[in-house]
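Taking the hints into account, I'd like the entire structure generated from these sequences.
Spelled out, the chains give:
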Amino acid sequence: GNSVTQMEGPVTLSEEAFLTINCTYTATGYPSLFWYVQYPGEGLQLLLKATKADDKGSNKGFEATYRKETTSFHLEKGSVQVSDSAVYFCALRLTQGGSEKLVFGKGTKLTVNP
Amino acid sequence: KAGVTQTPRYLIKTRGQQVTLSCSPISGHRSVSWYQQTPGQGLQFLFEYFSETQRNKGNFPGRFSGRQFSNSRSEMNVSTLELGDSALYLCASSLGFGANVLTFGAGSRLTVL
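Residue numbers (the working numbering), protein chains in the order written: chain A, 1 to 114; chain B, 1 to 113.
Please keep in mind that the hints were generated in silico from the structure rather than gathered at the bench.
It cannot be assumed that every hint is accurate.
To be verified - Subject to a maximum C-alpha distance of 25 Å in a straight line, what follows is the list of computed DSS-like cross-link-like pairs (lysine-lysine):
1) 68/A <-> 56/A
2) 57/B <-> 49/A
3) 49/A <-> 60/A
4) 52/A <-> 68/A
5) 106/A <-> 56/A
6) 56/A <-> 57/B
Stated by the list, open to error - Using C-beta positions, here's what the derived DEER-type ranges look like:
7) 59/B <-> 111/A: 41 to 51 Å
8) 17/A <-> 63/B: 37 to 47 Å
9) 67/A <-> 59/B: 34 to 44 Å
10) 54/B <-> 114/A: 44 to 54 Å
11) 44/B <-> 12/A: 22 to 32 Å
12) 63/B <-> 20/A: 37 to 47 Å
13) 5/B <-> 12/A: 28 to 38 Å
14) 69/A <-> 69/B: 25 to 35 Å
To be verified - To give an idea of the interface, some chain B residues facing chain A are shown, with a C-beta separation under 7 Å as derived from the structure:
15) 42
16) 45
17) 56
18) 60
19) 90
20) 101
21) 107
22) 110
C-beta: ideal position from N, C-alpha, C; glycine also.
Structure representation (C-alpha cells):
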C-alpha cells in the first residue's frame, strides 16, 4: 500500500544549525508530496509541496526536492531558529480509482535551543 | 478570513459514552476531512465529506461516523467510547474534493476514562 516513512525523532539542534529530516515514500502511482508543520497546541499547517519529480518546494527557508529515483522528499533548512521548534509531518496524496486522500508519516519533533 | 474552527477543544468522557465533535470550515471551503492523531499511530484518516456526501473513508470501525451540513459544517460522532479512542481529532477543510491543500483546525482533544 501507500505509506510514508520519516526519520524518528526527537531531533534537538542549536540555533543556526543545519536541519535535515528524512522522508521516504512507497506509492503505486505518482503522488504529490507535502510537508506539514504542527506548532504546540495548534493544528497542522502546510509548509511546502511538490507535485512532480524534480520539483523543489520551498517556504520560510525550508526546502524539499521530489526525488523519484530514491522515492524521497527530505526536508532541509540551512539555519534553524528557536521558532522552528515544532513537529514536522511528511505526507503524500495519491489518486486511485477516483479516490484521493493524504497519507501522513508519523511526524518528527524538532527542538531548537538558543 | 476565519480559519477552521473546532469545538469543543477539550473534553473528557467515560467508556461507553458517545461524543460529537464539530468543525466549521473556512468560508467557501466545501470539503471537510477528519483525522485522528495519537502518539502511537500518528495521523490516521477517518473520512472526507464534500457537498454533504461522504467521499472517502478510512479504516475505522462503524462506531466512528460523520456528516456534513448544507453550510459545509461537519460533525463527527464516536459511539460506545473505548479507552483507545483518546486522541486529538483534527478537522481540515479545502476548496474541493480530493485532499487539495488542507487547512487544519487546532483539534479537539478527547480523553476517555
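Comparing the hints with the structure gives:
1. A hinted pair counts as satisfied when its Cα atoms are at most 25 Å apart, and residue 68/A with residue 56/A qualifies at roughly 12 Å.
2. Annotation: proposed proximity of residue 57/B to residue 49/A holds, straight-line Cα distance about 24 Å (limit 25 Å).
3. Of the pairs offered as hints, the one joining residue 49/A and residue 60/A holds, with about 13 Å between alpha carbons and a cut-off of 25 Å not exceeded.
4. With a CA separation close to 8 Å, the supplied pair residue 52/A and residue 68/A stays within the 25 Å bound.
5. With a CA separation close to 22 Å, the supplied pair residue 106/A and residue 56/A stays within the 25 Å bound.
6. Restraint check for residue 56/A and residue 57/B: not satisfied, since their Cα atoms lie roughly 31 Å apart, outside the 25 Å limit.
7. Range check, residue 59/B to residue 111/A: about 32 Å between beta-carbon atoms, so the 41 to 51 Å window is missed.
8. Restraint check, residue 17/A to residue 63/B: a C-beta distance of roughly 45 Å satisfies the suggested window 37 to 47 Å.
9. Under the hint 34 to 44 Å, the C-beta atoms of residue 67/A and residue 59/B, about 29 Å apart, miss the expected range.
10. Separated by about 47 Å at the C-beta atoms, residue 54/B and residue 114/A satisfy the suggested range of 44 to 54 Å.
11. Restraint check, residue 44/B to residue 12/A: a C-beta distance of roughly 27 Å satisfies the suggested window 22 to 32 Å.
12. Between residue 63/B and residue 20/A the Cβ separation comes to about 40 Å, which falls inside the hinted range of 37 to 47 Å.
13. In this structure the supplied range 28 to 38 Å holds for residue 5/B paired with residue 12/A, their Cβ-Cβ distance being about 34 Å.
14. Checked against the hint of 25 to 35 Å, the pair residue 69/A and residue 69/B fails, with Cβ atoms roughly 46 Å apart.
15. Taking 7 Å as the C-beta contact cut-off toward chain A, the hint placing residue 42/B at the interface holds, the least distance being around 4 Å.
16. Annotation: residue 45/B was flagged as interfacial toward chain A, and the flag holds, the nearest CB pair being 5 Å apart, inside 7 Å.
17. Proximity of residue 56/B to chain A holds as hinted, the smallest CB-CB distance being about 5 Å (cut-off 7 Å).
18. Proximity of residue 60/B to chain A is violated relative to the hint, the smallest CB-CB distance being about 13 Å (cut-off 7 Å).
19. The beta carbon of residue 90/B comes within 6 Å of a beta carbon in chain A, closer than 7 Å, and the hint placing it at the interface holds.
20. For residue 101/B, the interface hint holds, the least distance from its beta-carbon to any beta-carbon of chain A being 5 Å, beneath 7 Å.
21. Look at residue 107/B: its Cβ gets to within about 6 Å of chain A, closer than 7 Å, so that hint holds up.
22. Annotation: residue 110/B was flagged as interfacial toward chain A, and the flag is violated, the nearest CB pair being 15 Å apart, outside 7 Å.
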